[in-house]
Amino acid sequence: MKAAGCDVGSLTSKAVIMDEERILGSVIIKSRARPWESADEVMDRALEKANCTMEELSFIVGTGYGRDKIPFVNEAVSEIACHGKGAKWLVPSVRTVIDIGGQDCKAIRLDEQGNMIKFITNDKCASGTGRFLEVMAKVLGVGLEELGRLAERSGNPITLASACTVWAQADIIQHLNDMVSLEDISAGISNAMAARVSVLAKSVGVEGDVCMTGGVAKNSGVVKALEKYLGVRIKRVRREDPQIAGAIGAALFAMEKAKEGAA
Amino acid sequence: MNPVFTEVTEAQYNRYVKEWKEQGKPVAGYTCSFVPEEVFHAAGILPFRIRGFSARETTIGDTYFGPFICSLPKCMLQCAGQGDLRFLDGTVIVPGCDSMRRLDECWRKAGVDIEGILPEFFFHFSVPHKHTDYTVRWFAEEIQRLIAAVENHFGVHIGEEDLRKSIKVYNRTRELVTEFEMLRTRDDPACTGAEALSVLLAGTAMPREEYNALLEEYIAEAGNAPGISGKTRLLLGGSASDDIELVKLVEGTDALVVADNLCFGSRFYEGRVGEEGNPIEQLALRYLGQNLCPRMYGDYDRRLSLLLERAAKAKVQGVILQNIRFCDLHGSENGLLEREFESRGIPCMRIEREYGPLVETGRLKMRIDAFQERIQQGKVRV
Amino acid sequence: MRQETREYNFDWMLWSSFSLASQLAGGTEKEYRNVLKYIPYFRGAIEKLLDTGEPGRRFIGITASYLDNIINARERGKKTAMTTFCFSPALMYAMDVVPVGLEVMTVMMTLIYRRGTAEFLDFCNEAGFTETSCSSQRGALGGYIGGIGAPIDMVVTDTPGVCDTNANAFAFASAYMKIPFFSLDMPPDLTGSRSDRFHRDDYRALIAFLEEQTGKKLDMDRLREVLLEVQKQDVIIADLEELARIIPNPLPPVFNFMIYASRFLYAGMPECTGLLESMRSAALVNAEKGVSGLAGGRENLRALFCYIDHYSQNLDLWRMFDEYGITTQGNILSRSWAACAPHVKEFGTEEAAYTLDPGGLDALIDSMAMMNARMPMVKSIRGPYDAPDMWLQDNLSLAAMYSADLIVYNGTPGCRNTWGMVKLMARDTEEAGYPTYIMYADAFDERVQSWETTKERFLEFLNVRRLMR
Numbered sequence: 000m001k002a003a004g005c006d007v008g009s010l011t012s013k014a015v016i017m018d019e020e021r022i023l024g025s026v027i028i029k030s031r032a033r034p035w036e037s038a039d040e041v042m043d044r045a046l047e048k049a050n051c052t053m054e055e056l057s058f059i060v061g062t063g064y065g066r067d068k069i070p071f072v073n074e075a076v077s078e079i080a081c082h083g084k085g086a087k088w089l090v091p092s093v094r095t096v097i098d099i100g101g102q103d104c105k106a107i108r109l110d111e112q113g114n115m116i117k118f119i120t121n122d123k124c125a126s127g128t129g130r131f132l133e134v135m136a137k138v139l140g141v142g143l144e145e146l147g148r149l150a151e152r153s154g155n156p157i158t159l160a161s162a163c164t165v166w167a168q169a170d171i172i173q174h175l176n177d178m179v180s181l182e183d184i185s186a187g188i189s190n191a192m193a194a195r196v197s198v199l200a201k202s203v204g205v206e207g208d209v210c211m212t213g214g215v216a217k218n219s220g221v222v223k224a225l226e227k228y229l230g231v232r233i234k235r236v237r238r239e240d241p242q243i244a245g246a247i248g249a250a251l252f253a254m255e256k257a258k259e260g261a262a
Numbered sequence: 000m001n002p003v004f005t006e007v008t009e010a011q012y013n014r015y016v017k018e019w020k021e022q023g024k025p026v027a028g029y030t031c032s033f034v035p036e037e038v039f040h041a042a043g044i045l046p047f048r049i050r051g052f053s054a055r056e057t058t059i060g061d062t063y064f065g066p067f068i069c070s071l072p073k074c075m076l077q078c079a080g081q082g083d084l085r086f087l088d089g090t091v092i093v094p095g096c097d098s099m100r101r102l103d104e105c106w107r108k109a110g111v112d113i114e115g116i117l118p119e120f121f122f123h124f125s126v127p128h129k130h131t132d133y134t135v136r137w138f139a140e141e142i143q144r145l146i147a148a149v150e151n152h153f154g155v156h157i158g159e160e161d162l163r164k165s166i167k168v169y170n171r172t173r174e175l176v177t178e179f180e181m182l183r184t185r186d187d188p189a190c191t192g193a194e195a196l197s198v199l200l201a202g203t204a205m206p207r208e209e210y211n212a213l214l215e216e217y218i219a220e221a222g223n224a225p226g227i228s229g230k231t232r233l234l235l236g237g238s239a240s241d242d243i244e245l246v247k248l249v250e251g252t253d254a255l256v257v258a259d260n261l262c263f264g265s266r267f268y269e270g271r272v273g274e275e276g277n278p279i280e281q282l283a284l285r286y287l288g289q290n291l292c293p294r295m296y297g298d299y300d301r302r303l304s305l306l307l308e309r310a311a312k313a314k315v316q317g318v319i320l321q322n323i324r325f326c327d328l329h330g331s332e333n334g335l336l337e338r339e340f341e342s343r344g345i346p347c348m349r350i351e352r353e354y355g356p357l358v359e360t361g362r363l364k365m366r367i368d369a370f371q372e373r374i375q376q377g378k379v380r381v
Numbered sequence: 000m001r002q003e004t005r006e007y008n009f010d011w012m013l014w015s016s017f018s019l020a021s022q023l024a025g026g027t028e029k030e031y032r033n034v035l036k037y038i039p040y041f042r043g044a045i046e047k048l049l050d051t052g053e054p055g056r057r058f059i060g061i062t063a064s065y066l067d068n069i070i071n072a073r074e075r076g077k078k079t080a081m082t083t084f085c086f087s088p089a090l091m092y093a094m095d096v097v098p099v100g101l102e103v104m105t106v107m108m109t110l111i112y113r114r115g116t117a118e119f120l121d122f123c124n125e126a127g128f129t130e131t132s133c134s135s136q137r138g139a140l141g142g143y144i145g146g147i148g149a150p151i152d153m154v155v156t157d158t159p160g161v162c163d164t165n166a167n168a169f170a171f172a173s174a175y176m177k178i179p180f181f182s183l184d185m186p187p188d189l190t191g192s193r194s195d196r197f198h199r200d201d202y203r204a205l206i207a208f209l210e211e212q213t214g215k216k217l218d219m220d221r222l223r224e225v226l227l228e229v230q231k232q233d234v235i236i237a238d239l240e241e242l243a244r245i246i247p248n249p250l251p252p253v254f255n256f257m258i259y260a261s262r263f264l265y266a267g268m269p270e271c272t273g274l275l276e277s278m279r280s281a282a283l284v285n286a287e288k289g290v291s292g293l294a295g296g297r298e299n300l301r302a303l304f305c306y307i308d309h310y311s312q313n314l315d316l317w318r319m320f321d322e323y324g325i326t327t328q329g330n331i332l333s334r335s336w337a338a339c340a341p342h343v344k345e346f347g348t349e350e351a352a353y354t355l356d357p358g359g360l361d362a363l364i365d366s367m368a369m370m371n372a373r374m375p376m377v378k379s380i381r382g383p384y385d386a387p388d389m390w391l392q393d394n395l396s397l398a399a400m401y402s403a404d405l406i407v408y409n410g411t412p413g414c415r416n417t418w419g420m421v422k423l424m425a426r427d428t429e430e431a432g433y434p435t436y437i438m439y440a441d442a443f444d445e446r447v448q449s450w451e452t453t454k455e456r457f458l459e460f461l462n463v464r465r466l467m468r
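Chains as they are written, first to last, in numbering that gives the first Met the number 0: chain A, 0 to 262; chain B, 0 to 381; chain C, 0 to 468.
Careful, some of the hints might be misleading.
Claimed, not checked - Here are the simulated lysine-lysine pairs, DSS-like style, with alpha carbons at most 30 Å apart:
(1) 258/A <-> 68/A
(2) 364/B <-> 68/A
(3) 217/A <-> 312/B
(4) 20/B <-> 117/A
(5) 230/B <-> 364/B
(6) 117/A <-> 312/B
(7) 364/B <-> 258/A
Calculated directly from the structure, the hints in this document are not laboratory data.
The following block holds chain A by itself, in its conformation from the complex:
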């Protein structure tokens, strides 16, 4: 039985096609202005990769900001639930999931069965989100992945405004003018981000195994800084790209629904 999850986010859209527990195909694209356009494109490409057709899918779950605007889904599920579900599949022992996406950041606590016990999301601004890193990388003139690598080589990280993306930018320009090294600035950025996220995570309580999902999970600088702030080791997601966790969760929900329907 085949099912799919489609996660239309603010910056990227993801789709995953599954056959039982196996991923047949997954795709990440940059989101377009209209959620349905993103959904169509990402789904078409995922189907192509999985070498199957829409008709073969028994159930499709949509998630992400654009979830209510995707015409082909059978049901929409919140991305918080999807990320929890997806993380559990990626790291079965996980009890605390930290997901950092393009413009939001969430911490989700799960019970042993993977049910959501408590969650929190940032409700302020871009600080503590992927967008924050994106803006900072742009100011430094480096790529996103480079930012993480640079941070790891720092010996004396700067202290940075973590509260506001705009003000942090001004501070970085100031540090660049003062000839501070890119490594130290990058590490300051990772720390600021990690500090922000750790506050969020700790307010729901960090328990058991922790893993990170979302695009920022691929930034080694932030992951290491976060380990330092949380005082725990973060389990690395190796089974699949952590950025597609939400779409995997959606696909798993879809699979459950499909089975319910069949039964």
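With the hints as your guide, set chains B and C onto chain A.
The following block gives chains B and C in isolation, referenced to the frame of chain A:
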């Protein structure tokens, strides 16, 4: 539900206010639930609770207030500045909190720049922050000061007997609201939370006798009609919210707000004013002693027990505590309350938002959906 | 909060830093210079203070002894009260209660630790306290509610009616830590018989609360002793304020900070009197010579801070003052509202000031009540900003009397009260001819805006308005 409730709450200068003004009678606005409306009623003036819902932006509000200020007074000032409140003959400003109290100066300063937006009668009404013998005395004196100012400005006389009569009218509302609340909390609630908020808000924007009649009629009808069942029961608490759309967002298709603790909602009608003894003292006792707002510092335990009691009575399955950004009073108390609810096994979620028209619907919806999924999941597990 | 932060009590760490620093001036110059190398984050503050000579030594000393009282309160059989800077600690000293001033502890940390109070600020949010609340309390509060400070027995504040975020921080602390709470309330009117009576009744209720918490009756003789000491201190502060009128101002800029900090720590105690006396002596020497108290010796600009200062690490604000020849003509914290203060006499505002009557018990208590109602902030920002004796009147009259060239506002984004009126105030002071600069920084949290950026923007303002001579 009688559409008049919604109609009254959706326009600043509503049909009832218009009719009132056409009879040549004055209207006095007030900004906080600590103002004894009975004083105005006794003077033949229509008390009108100022809200900021007709603001679509805060350009005027932002001109006078600084950036780190609650959007509620900014929206109120915006409404005044764009002329929506020109029908007010007077205004009472209360230092309910720091953001609200500076509406005094900001409105006055805006009045210098924009002609005709500052009501002639403009009164700063001081309300103590705790409930004890000497604060009640201060508050009673403050009511006296308000009475004297109203008498002087509007050329009226407010006698003890007038106050007693007004107290009776307002107490009648409080009794009716208690009955109305029972309809909300029964197993099949008579209305949605959004409808309930309309009903409660209407009382602050129309003549009270007429409101009492409407409410009585509604209770009689709804009491016999079948209610709504099969929905997740929620309690909505936290800072000032007159936003019916927010309640609709919270309820979505699967939930119902069956109880609230909002200062624009049921908390506004809490308690009774004593009908015996000196009416001013009785007003002081009720308004200072029975308004459970976190501005009354050091009274957290009483507020907690009331909220727990309300949640139990309404058999809620989840609690949503919201606060307007920069509302530290409710925001921090929500943090304390959340722990209490969660420790009792009642799922609770905190939301920070902007006031009414500025709410970021998309982001909130995502969280509310996830919260309801969490409650549903819990039910399945149990 | 990281595990390593939890290893030691933070107030003990502060005490350890300050008590060691208080011994620095005891060694040779070479030893002192050597030690400075090892305290890169504390160095700037130490140098700025010790450069003033005896006053600086005394200041570091009393800071250490204040902290010593806190960390050893339990062993010495005393109760501790979490309190605020604008609450006169004199009554607590008279009643053997150890005041734990959240804001002064926050400042101590921001001055000497590289990360300031960042982790404590954040811990408060983890505990459910809003991140938009004022950082001045939130800093040290995080340490106490996080369980890494001396035990606290009660919470006492006096800011309802003055500052919500302050009052709320203390109410939160009390509810979170489940300890008794008392707050003095402040009506919007400072003067008049109604307010006077209210302040007196309220203060008596405070005494009853403290008596109940400590199990001891208020000792009239002890109270009188403390009050007489306050009187002495008020006279010295009046002298220092009078000296600040001179052009050039003979007071080193950091004196202003030391004046209010010492009052917040030790009002009514002989330690504070000694420190103030040493400041007066040093300033008199400069005045007699007709020289400025600035490190560079040249006075370019006289700035009145209408609210608070900026407490970044290493006393950077004061270093900037010295670097650019800017004198500080006081701020809302340093201003005394004793009847003997020069500005009270100059403008005849005795009714809005306080006089201390050491007569009978009632007179003593009334005096304390009046004094407390005129503490920094409590006096000036309770009513509408343009009401008599409030913020605008204070700023305009003080700017004129202390010959200020400009007015500067700095606070915290948590300050709902002043942010609600500062734009209006600035509009009025600009109209009155005072260039007025509003800083968008956080006095206690550099993460909001770094000191470097804050400084650059301030200097840009001075340039644009052609204020630098």
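Hints, verified against the model:
Between residue 258/A and residue 68/A the CA atoms are separated by roughly 25 Å; this keeps the pair inside 30 Å, and the hint holds. Restraint check: the Cα-Cα separation between residue 364/B and residue 68/A comes to about 14 Å, which is no more than 30 Å; the hinted pair holds. With a CA separation close to 48 Å, the supplied pair residue 217/A and residue 312/B exceeds the 30 Å bound. At most 30 Å may separate the alpha-carbon atoms for a hinted pair to count; residue 20/B and residue 117/A exceed this at roughly 52 Å.
Between residue 230/B and residue 364/B the alpha-carbon distance is near 17 Å, which keeps this suggested pair within the 30 Å criterion. Using a Cα cut-off of 30 Å, the hinted pair residue 117/A and residue 312/B holds, with the two alpha carbons roughly 24 Å apart. Between residue 364/B and residue 258/A the CA atoms are separated by roughly 28 Å; this keeps the pair inside 30 Å, and the hint holds.
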